[in-house]
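Please put together the full structure from these sequences, using the hints given.
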Amino acid sequence: MQDRHKAAKSKYTSDRQIPGAFEGETVSRRRFMVLSANGAGVVAAMAFTLPALGFALGPIFSREPFSWQAVGPPDDFVETTYATRVIQEVQGIGEAGNTIAYVRKRNPAIDTEPVDQYNRFVALSDRCMHLGCPVRFVAAADRFICPCHGGVYDFRGMVAGGPPVRPLDRFYTRLNTNTGLVELGPRYSVNSELHRFSPRDPGEPLDGIGQYLYPAQFDTSKLPNHP
Amino acid sequence: MPKLPSPPKILTPVKRPGENGNGNGNGNGTGTLTPGQATVEAGLTVVDWVDERTSLSGGVRWLLFRKVPRGINWAYTLGSATLFAFLSQAVTGVFLAMFYRPDAYGGAYESIRYITDDAFLGQLVRAMHKWGASVMIILIFLHMARVFFFGAYKYPRELTWVIGVVLLILTLMMGFTGYLLPFDQRSYWASVVGVNINSGGPFIGPYLSDFLRAGPQFGATTLSRFYAIHMLLIPGLIAALIGAHLYLITKLGISAPPWIKAEEEPELRESQV
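As given, the protein sequences belong to chains H and U, one line each in that order. Just so you know, we're using my numbering here: the first sequence kicks off at 1 and counts up by one. Just so you know, we're using my numbering here: the second sequence kicks off at 1001 and counts up by one.
Everything labelled a hint here was simulated from the structure, so no lab data went into it. Careful, some of the hints might be misleading.
Said to hold, decoys possible - Here chain U is said to cover these stretches of chain H; the calculated rule only asks that three of the stretch's residues, wherever they fall, bring their Cβ under 8 Å from a Cβ of chain U:
#	segment
1	34–46
2	54–62
3	82–95
4	199–205
Keep in mind that this is a model prediction, so the values were computed, not measured. By construction, the Cβ of each residue, glycine as well, lies at the ideal position given by its N, Cα and C atoms.
Now the structure itself:
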């Protein structure tokens, strides 16, 4: 008996002695049936898998809205130390959605980054840029200290020691002329030269190639036309 | 002329309730069973009924009554111990889910407080689940160490090892997703740190974290997402992979301890002299 796998096969079913073959047919009815049944199965599976997957992945791509949150009159904030303010980061989950911002007045003597309408007041996020634990400001040492893994930041929020990979994140600030109150907007990240970047997660360095290794997220709230 | 062998007996007559073992049922009083015998007969009848339709007894015999090599010891039970730890987690987890509420606005914490302080045996079941998680991970590593040091991962058992590694990773993911569920200070910040460790992966890390959190921050859907992964997605995968793991163990057999030498054929032994 000859090996049917070795024999050169014609593409016409009639040459291959398939029962019921007819002139010019290249796909047998059995093979067409198998392919269309399997194809229908794939389409049916995709019909529920793809929407479900998109549903699960959707939050990655939907940008969070933000609101300016008042934190007090300008007189509350001085140049030499930080005031602690609680702001809401996530709505609808009570205190678990709150976070802390450390706010002070801009001090031209030490704040060398270019001034614009959004940094007349300096507002630092309390998220440690190592792995996201909450840092606290220790006034006696003029340092921010993280309780988890020993990250230390100086008065401006620059890394002074420990594992953090970049300075503390900041919030856009503005003075609302209607209410006369200082307001905090969305968060932004900075590199070690205090250049602004769109908000990144902790643990993502922004110096050198860091900004390319850790691209911006699609879902963080942002100020229009600003990082 | 040689005598032809008699044809094998294909079918044995199926016993009916009331028939005794050796009798051919020619009716000398079928009502003589004691209640105990009748109960046993009824049970056997049910088992026979199922087996006749499924042939399960062959599979059970294949799985449980197999030959094991000489010299195996208690270290060989670590895999079964891990399996029982998983079963314990599954059972206690199912019942904890009857009381737990994945509500980030205080509801999750309150439901855990209710389980621990108020529910009957709630503290025990929650403690079994909590401590059992650590026990399961410890047992997995002991099992893995046994397989590694005995060289049991070698041909033809590499795929069993690979599936075992996937099971280890899935179990660690169970530990990670389960840790957030009490939603107290410790679990919240530990999960923040854990998710941010994910962010450290270049290129896809930030988006992986967004997927885990369902957004840029820990929010209401983060908790329900962790809960769904913890109680639906990963347990299903673990159960399926344990099935594959056990199938391969049964099919390939258990490897002998490394200090057991293979028995040589007597003729070979003589020829070596």
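Hint check results:
no.: 1; hint: 34–46; in the structure: violated (count 0)
no.: 2; hint: 54–62; in the structure: holds (count 5)
no.: 3; hint: 82–95; in the structure: holds (count 5)
no.: 4; hint: 199–205; in the structure: holds (count 6)
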